[in-house]
Amino acid sequence: MSINSYEAAVNLLDKRGAIYSDRPRMPMIKELLGWSWNLVVMSYSEGFAAHRKLIQQRLSATVVAKEYRPVMYRETKVLLRNLLSSPDEYLHHLKSMTGAIVMMITYGHSVAPEGDEYIKLAENVRETGGGAHGSVLIDFLPWLQYVPAWFPGAGFKRHAEYARSLHLTMRSEPYEEVKQLMAAGTAAPSLVSNLIEDNHTENNPEIEDFIKNIGGVIYSAGADTSVTVLTDFVLAMMRNPHVQARAQKELDEVVGHSRLPEFSDRTDLPYISGIVKESLRWRAVAPLGVVHSVTENDEYRGMFIPKSTAVLPNLNAMLHDSERVYPNHDDFDPTRHIVEGSKDAAPDPARAVFGFGRWICPGRFFQENDGHSGRLSAVHPRPQAPGSWELLGPGDTDKAGPVVCRLLRPFDGEIRYEQESEC
Numbered sequence: 320m321s322i323n324s325y326e327a328a329v330n331l332l333d334k335r336g337a338i339y340s341d342r343p344r345m346p347m348i349k350e351l352l353g354w355s356w357n358l359v360v361m362s363y364s365e366g367f368a369a370h371r372k373l374i375q376q377r378l379s380a381t382v383v384a385k386e387y388r389p390v391m392y393r394e395t396k397v398l399l400r401n402l403l404s405s406p407d408e409y410l411h412h413l414k415s416m417t418g419a420i421v422m423m424i425t426y427g428h429s430v431a432p433e434g435d436e437y438i439k440l441a442e443n444v445r446e447t448g449g450g451a452h453g454s455v456l457i458d459f460l461p462w463l464q465y466v467p468a469w470f471p472g473a474g475f476k477r478h479a480e481y482a483r484s485l486h487l488t489m490r491s492e493p494y495e496e497v498k499q500l501m502a503a504g505t506a507a508p509s510l511v512s513n514l515i516e517d518n519h520t521e522n523n524p525e526i527e528d529f530i531k532n533i534g535g536v537i538y539s540a541g542a543d544t545s546v547t548v549l550t551d552f553v554l555a556m557m558r559n560p561h562v563q564a565r566a567q568k569e570l571d572e573v574v575g576h577s578r579l580p581e582f583s584d585r586t587d588l589p590y591i592s593g594i595v596k597e598s599l600r601w602r603a604v605a606p607l608g609v610v611h612s613v614t615e616n617d618e619y620r621g622m623f624i625p626k627s628t629a630v631l632p633n634l635n636a637m638l639h640d641s642e643r644v645y646p647n648h649d650d651f652d653p654t655r656h657i658v659e660g661s662k663d664a665a666p667d668p669a670r671a672v673f674g675f676g677r678w679i680c681p682g683r684f685f686q687e688n689d690g691h692s693g694r695l696s697a698v699h700p701r702p703q704a705p706g707s708w709e710l711l712g713p714g715d716t717d718k719a720g721p722v723v724c725r726l727l728r729p730f731d732g733e734i735r736y737e738q739e740s741e742c
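First residue of the sequence shown: 320, per our numbering; consecutive thereafter.
Possibly wrong hints are sitting among the right ones.
[Claimed, not checked] For each label pair, taking beta carbons as the anchor points, the in silico distance ranges come out as: (1) Ser404 <-> Glu581: 17 to 25 Å; (2) Phe470 <-> Ser324: 24 to 32 Å; (3) Glu615 <-> Lys372: 20 to 28 Å; (4) Ser627 <-> Glu365: 15 to 23 Å.
Simulated from the structure, these hints should not be mistaken for lab results. Every residue, glycine too, gets a C-beta built ideally from N, C-alpha and C.
Modelling step: build the complete structure from the supplied sequences, incorporating the hints.
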């Protein structure tokens, strides 16, 4: 069942969350690929609630603002330097920035400029498509998971075995490295090290396993979602130079040329805030959200919904509802999110993008801050050198991704740096 309106999603997934908060079985994803530990697809249970409680200790709005913003700010400066030195490689630089932020915050790991083992591991997982090839067929015919890997036509099984080994490595290796560094007294502060210290894992192997899962899911999903959002932003600026020009004008007026914009400037930058919201709306990272499952029979507006029905929150439909919510929905228009005169702002797309009910994304404050930092850096380089960016191009970028997320094809484009004549 597809939910195509925000109102229906709230009525069912939020208000009736007690029966709409489970996940389907998903044998390919959970069993063959070994993703059952991943919070995104985990069944709703006491274990799920325990994971959420631990995550909220270290990803609350307060913790993100106090402990993680400095990391984002530092990596933003690195991004600007990289863009100045090699602007043609901007997609690589965006991936490097998001990967560096995720690894430092999650594990205290300082990413090597080139050839970092953990960034390479994440790239390998991405290149396998998460290993989800054949998942639709196996979800409908679960007995296929028992077909031997050598059997003709069972290439999906061999692919899944390889992907599973990558997933388990991603979950365990950086966690074990943190533990070793903590034992040696040389671990940098991180989400994982703080959770280990705060929850006395030496006496509770179950909690230790939960923390390992949390680190793994942030590592596996955090960088991918962030880089997709930022690359969509670059695409929007390339296609809408008037938006980029107005954003630079607002930054010049509010921030000036002597420093980088900071998070505290956000309330004084309504057009930039509109760009952040419009980036979330224009091209949803997960167009069909994450599937829910109903735990008992239900009825909604005269429609019978049987137990175990798979329910998809169709974010693409909600965020492109031109009749009721977002006129001219294909246009990238930040002004739709700004109150002007008697015009009300459009609904904040974050209310849909970050999920519903008991499955609202616990990393939403991290994602909002990370994305805001990256977008600002792309239109305000002047503290590094006087001038402005011009983003030129590109073609289409859509590409389906594994499980829930949309990935991006590389697209042609150019970031050109323009020196200011008076400097």
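Cross-check of the supplied hints:
In this structure the supplied range 17 to 25 Å holds for Ser404 paired with Glu581, their Cβ-Cβ distance being about 24 Å. About 44 Å separates the C-beta atoms of Phe470 and Ser324, a value inconsistent with the hinted range of 24 to 32 Å. Evaluation of the 20 to 28 Å hint for Glu615 and Lys372 yields a pass: the beta carbon distance comes to about 25 Å. Our hint of 15 to 23 Å for Ser627 and Glu365 holds, since their Cβ atoms are close to 21 Å apart.
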